[in-house]
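Undergrad: Take the sequence shown: its position 205, counted from the start at 1, is 205 in full-length UniProt numbering, and no numbers get skipped.
Everything labelled a hint here was simulated from the structure, so no lab data went into it. Even glycine gets a Cβ: it sits at the ideal position worked out from N, Cα and C. Treat the hints with care, since some could be wrong.
What follows is a set of in silico ranges between Cβ atoms, one per label pair, in the way DEER data are often shown [stated by the list, open to error]:
1. Thr129 - Ala339: 48 to 56 Å
2. Thr144 - Thr456: 31 to 39 Å
3. Glu142 - Phe413: 48 to 56 Å
4. Glu468 - Asn395: 45 to 53 Å
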Amino acid sequence: MLNLSVLLEDGARKNPERDCLVFGDLRLNYTTVDTITNQVANLLVSRGVRPGDRVALVCPNAPYFPFVYFGALKAGAVVVPLNILLTSREIAFHLEDSGASALFAFTGTEDLPTGERAFAAYNEVDTCTTYIDLPPTPGATESTVDGAETLWAALAQQPGHFEAVQTGAEDTAVLIYTSGTTGQPKGAKLSHGNLLFNAVASDALFEGADNGHDVFLSVLPLFHIFGQTTMMNCPLYRHGTMVLQARFDGDEALSLMEREGVTIFAGVPTMYWGLLGATGEHDMERITSTLRTAVSGGAALPSEVVKNAKEKLGVEILEGYGLSETSPVVSFNNPKVKAKPGSIGRPIWGVEMKLVDSEFNDVEGEGPGEIAVRGHCVMQGYHNRPDATAQVMHNGWFRTGDIARRDDEGFYFIVDRSKDMIIRGGYNVYPRELEEVLMAHPGVSLAAVVGVPHETHGEEIKAYIIPEEGTDISEQGLIDWAKDQLASYKYPRLVEFRDTLPMTATGKILKRELR
1 MLNLSVLLED GARKNPERDC LVFGDLRLNY TTVDTITNQV ANLLVSRGVR PGDRVALVCP
61 NAPYFPFVYF GALKAGAVVV PLNILLTSRE IAFHLEDSGA SALFAFTGTE DLPTGERAFA
121 AYNEVDTCTT YIDLPPTPGA TESTVDGAET LWAALAQQPG HFEAVQTGAE DTAVLIYTSG
181 TTGQPKGAKL SHGNLLFNAV ASDALFEGAD NGHDVFLSVL PLFHIFGQTT MMNCPLYRHG
241 TMVLQARFDG DEALSLMERE GVTIFAGVPT MYWGLLGATG EHDMERITST LRTAVSGGAA
301 LPSEVVKNAK EKLGVEILEG YGLSETSPVV SFNNPKVKAK PGSIGRPIWG VEMKLVDSEF
361 NDVEGEGPGE IAVRGHCVMQ GYHNRPDATA QVMHNGWFRT GDIARRDDEG FYFIVDRSKD
421 MIIRGGYNVY PRELEEVLMA HPGVSLAAVV GVPHETHGEE IKAYIIPEEG TDISEQGLID
481 WAKDQLASYK YPRLVEFRDT LPMTATGKIL KRELR
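With the sequences and hints as input, model every part of the structure.
TA: Structural data, given as structure tokens:
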């Protein structure tokens, strides 16, 4: 038996009174968090959720996320975390594709009405029979989402004890949706073993507090596997304290570091840029006296940011590499051994990397070649996508789509992406999905989406459009239309109209020329 919920249960047994979660003025110890997750597990069983059923969760970094995440795992269910920025159409797709039977969604705000979008999607999907609202006010029993039941009302009669369902290391624990490189999102099946081993291996990389009690600033979205593993599962394995920040703000993050004595921080490059640009008054001596480890991933980190962060935060930012399909950590610059600036490091414990060509033959020496990975981190495959799984898996090796070179000490350096994925502010954006949406506009004849360099986001999304003849469509009009169809991190901010697009003889658009 192996159930990932052991991470929380072990902390509740050994450090029951230690702060597990800090969220604003709310402080919850390990016993309280474990008790609430038991109530969630009992709730799910009472609503007919069985082992292997999927439970979708749309929630920012708030205590609700681990409540539902570990409650579902205890019940033997599979968690399907969804980006809070998704539209109703996108949420409905994920519910249908995963076959989710239950949906927990944060109410949201007037600017981001997550609950309204989720409830609308829930009402469109026949397989989903339970909807639970996660209200912004703890303990609220009245929902602001018309017709929805709040979590606190649903938990009122549920007992606080639950014996976790026996699951195996190979059983799926989480479905993380990713397009990989192209097409509609696919659910990467991550097992209890995948996620536990990756949390344990990550823990070995993070230098901790001198007193043995680490405080993690969890601002990476927990619905993203980078945040889940490094800023939730790893802290729980270490019996640490998670300080949750729902939305990143540089000044607020520094204030939390100062107030809580944060020892470990992980973020994407734009977050470090935000920390360096913070203008508030902070006790930097207090911050630098406790901060031990700073980790970056999601996109290449500019050398100037590394230099300035060392001066301001007093720590070297350590870069690593991973993907949704790899739980996610694959390689890391381990300061205990050796680190190289600009490198994604070397494989972590239990993981192998190599370079391959387009036919999956090994590439010797420096390369370049496509990174292939095998080990405890690699997914079981894509949910209900055997063909897509076969395209990326070969004899246990997962091909990543990323091109790299390798030096004589085994350090890997990313050269390029073999596919067209865009990384905007740490979020993966998949051009084909956007192109299909843009092509649905009556004024668009052909669309090609690429990433272009951006000072703070790493890449910005640009759409090249051939308009339908005789239509009257403006750049801003198309941007506004796309904004209503796509999550806020996906829609193109730049549009350029053209009469033609560069193509190969077979009609494939030459996106390299557009870039």
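Undergrad: For each hint given before, does the structure comply? Return the numbers of the non-compliant ones in rising order.
TA: When the structure is compared with the hints, none of them turns out to be violated.
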